[in-house]
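Colleague: Each chain, letter by letter, is given below.
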Amino acid sequence: MQHISVVTPEYAARRAMRANSDCPQLWSTLDTVFDPELPQVTIWDLGILVDVQQLGARRCKVVVSPTYSGCPAIDVISEDIVSALNSAGVKQVEVAVSLSPAWSTDLISPAGKAAMLSQGIAPPDKSVNCPQCGSEHTSVISQFGSTACKALYKCNDCLEPFDYFKEF
Amino acid sequence: MNNFSNSTLYNYLLGLADDALILGQRTSEWCSRGPFLEEDIALSNVALDYIGRARMFYQYAAEVEGKGRSEDDLAYFRDEREFSNLLINELPNYDFAFSMVRQYFLDVHACLYLQGLTASTDQHLAAIASKAIKESRYHLKRSQTWLLQLGLGTEESNKRMQTAIDELWGYTPEMFMMTETETQLSTAGIAVNRDNLLQQWTATVTADIRSADLQIPDQQWQVVGGREGKHSEHLGHLLAQMQILQRSYPGLEW
Ligand SMILES: [Zn+2]
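In order, the protein sequence lines correspond to chains A and B.
Counting from 237, one number per residue, gives the positions in the first sequence under our numbering.
Counting from 835, one number per residue, gives the positions in the second sequence under our numbering.
I should point out that these hints are in silico values taken from the structure, not numbers from a laboratory.
Please note that the accuracy of each hint is not assured.
As the list claims (entries may be wrong) - No more than 30 Å apart at the CA atoms, straight line, and that leaves these computed lysine-lysine pairs for DSBU-like:
| hint | chain 1 | residue 1 | chain 2 | residue 2 |
| --- | --- | --- | --- | --- |
| 1 | A | Lys-362 | B | Lys-968 |
| 2 | B | Lys-975 | A | Lys-362 |
| 3 | B | Lys-975 | A | Lys-390 |
Throw the hints in and build the complete structure from the sequences for me.
Modeller: This is the structure we're talking about:
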């Protein structure tokens, strides 16, 4: 059976920070930016979006943290951030990349994990369950799947291969 | 006050960047040539991690140098003798066994080295290390698994792994050699003292090699010189392939 996603302390801390922010509308705008490799998961849900600060009437600074050092998606994500905020009337957008603290799968929101599951990707968890039938009888095919952040698994019960978003 | 110059830090960063770039480029040669599809993807992803690591070090090096050069300038417009990577990183892939043994030796080293670097008094370096170490730990899981699987596999796979170990062993001492730059920066708490890593590296590698039914060679030879820009004949070819586009069309962008 699928687990009920619990809120990690890391995600709880992010959620509290966002709740205390003085620019909730900027956060909402950024909820329209999705990870290019995971089309249903927003950069907020994936934990790549670290912070956004209003610097002036039409200026803001966005901080992002890449998943992996070699992640080719980070440039596209930066462009998407700028264009989303521009469309919302924020003319000057600075995107800064922060490396520390390093991104980890503990930052992913429960909604992000649910969105992965709905796309047939097993979310990071203690046990790797088949996203199709929920079976716990799965085995690894390759440590790397279609992207660096995923591993390739197969289900020993329904025999379907699937991507597992690696705990990292 | 720190009693080292910017160029000291720059040289150190360049060494770390060159190590990552050359191994990344070398490993990327497996792309479309892997023994099977999943392994092909895995090798390409490892290569990508190393190129990402190289970018972080080059960006920082360019900033420290302060001459307006970019990360790309450092990667594409320096000649062979200006590269200061370790020799083990530039050796050709030969076969899968060779690539995996090299990766394994370097992964064990990287996990120890980056662990030390996370405690660097240089915040930027510590941040890069905290990012990179997670990747290296993952790479090690893979290369360690392959070491065991191929060592304990068939007669042929065991033989190839042993050949690779024998061939690579003499290149490993260079991983523990301190340059003058590193000694200076390690005293200042910035760089990692490589001397301190040797014992644990040897213990881990010896144990794993034994479990894989392979032997540590008793040969005493060693080859060094990469840090001073004295390279094998292989680096020039690698650079030619990597740099040709920028050298032919300087400043070309996608
Ligand atoms: Zn299944």
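Colleague: Is the hinted pair B:Lys-975 and A:Lys-390 satisfied, with a Cα-Cα distance of at most 30 Å?
Modeller: Given pair B:Lys-975, A:Lys-390 holds - Cα atoms ~19 Å apart, limit 30 Å.
Colleague: Holds or violated: A:Lys-362 with B:Lys-968, Cα cutoff 30 Å?
Modeller: Cα-Cα ~18 Å, so holds.
Colleague: Are B:Lys-975 and A:Lys-362 close enough, with their CA atoms no more than 30 Å apart?
Modeller: holds (17 Å)
Violated hints: none; the structure is consistent with every hint.
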